[in-house]
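Participant: This is what each chain is made of:
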Amino acid sequence: GQSLEQPSEVTAVEGAIVQINCTYQTSGFYGLSWYQQHDGGAPTFLSYNGLDGLEETGRFSSFLSRSDSYGYLLLQELQMKDSASYFCAVRSAGNNRKLIWGLGTSLAVNP
Amino acid sequence: IAGITQAPTSQILAAGRRMTLRCTQDMRHNAMYWYRQDLGLGLRLIHYSNTAGTTGKGEVPDGYSVSRANTDDFPLTLASAVPSQTSVYFCASSETETDTQYFGPGTRLTVL
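Chains as they are written, first to last, in this note's numbering: chain A, 147 to 257; chain B, 555 to 666.
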């Protein structure tokens, strides 16, 4: 089957760095995306990795290793507003190229 | 209108009633999607449309139908609502079927 695994919860303090891992098992692979969702809100796109390596966008970075079927989202200089759920999503051939979503990681940033 | 809008914002519905959730986008995106989000189950794709005039089934299509008569609108219909369809429903769109998805604000539906 096709699946994604990510931790259910992560806690960190303001100013810290946190890494949210995502491992996937899919038939075919076309890229790993990350989305952020605040409580009561809609998911919003954060980053995309189609090739191995690191993509940086401000305080957020995302990494992909296709050989390890693994990626992570790195959040630096954490702020209270970063408290949210973070979803990894994979586009795979086995799902008519539609996104397969992880169950999300709830990040709590404490003062 | 800017982006994607959904209506209603929330709805309480009696079991057995018919309900249509509306979704409209003004970005001229070709692809549109309907997801449901339940606690502990993440986002699950109900139906999708890669372009106007075509639709496809997602992961959990039973009990739902969609139509895509034009580029902008993608309504989701529950023909006879059941309590298990209580959920938050998100509509999304993307320029093509492989591009970044943009989500509407969601509809919170409760079926009693």
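Heads up, a few of these hints could be off.
[Said to hold, decoys possible] Derived CB-CB ranges, DEER-like: (1) B:S621 to A:E160: 44 to 54 Å; (2) A:E160 to B:T605: 16 to 26 Å; (3) A:Q148 to B:T654: 19 to 29 Å; (4) A:A254 to B:D592: 41 to 51 Å; (5) B:S564 to A:L200: 36 to 46 Å.
Rather than coming from a laboratory, the hints here were simulated on the basis of the structure. Backbone N, C-alpha and C define an ideal beta-carbon position, used for all residues, glycine too.
Participant: Each of the hints needs a verdict: does it hold here or not?
Facilitator: A quick look at each hint next to the structure:
For the pair S621 (chain B) and E160 (chain A), the supplied restraint of 44 to 54 Å holds, since their beta-carbon distance comes to about 47 Å. At roughly 45 Å, the beta carbons of E160 (chain A) and T605 (chain B) sit outside the given window of 16 to 26 Å. For Q148 (chain A) and T654 (chain B), the Cβ-Cβ distance of about 20 Å falls inside the hinted range of 19 to 29 Å, so the restraint holds. Under the hint 41 to 51 Å, the C-beta atoms of A254 (chain A) and D592 (chain B), about 21 Å apart, miss the expected range.
With their beta carbons about 40 Å apart, S564 (chain B) and L200 (chain A) fall inside the hinted range of 36 to 46 Å.
The earlier numbered hints that this structure contradicts are 2, 4.
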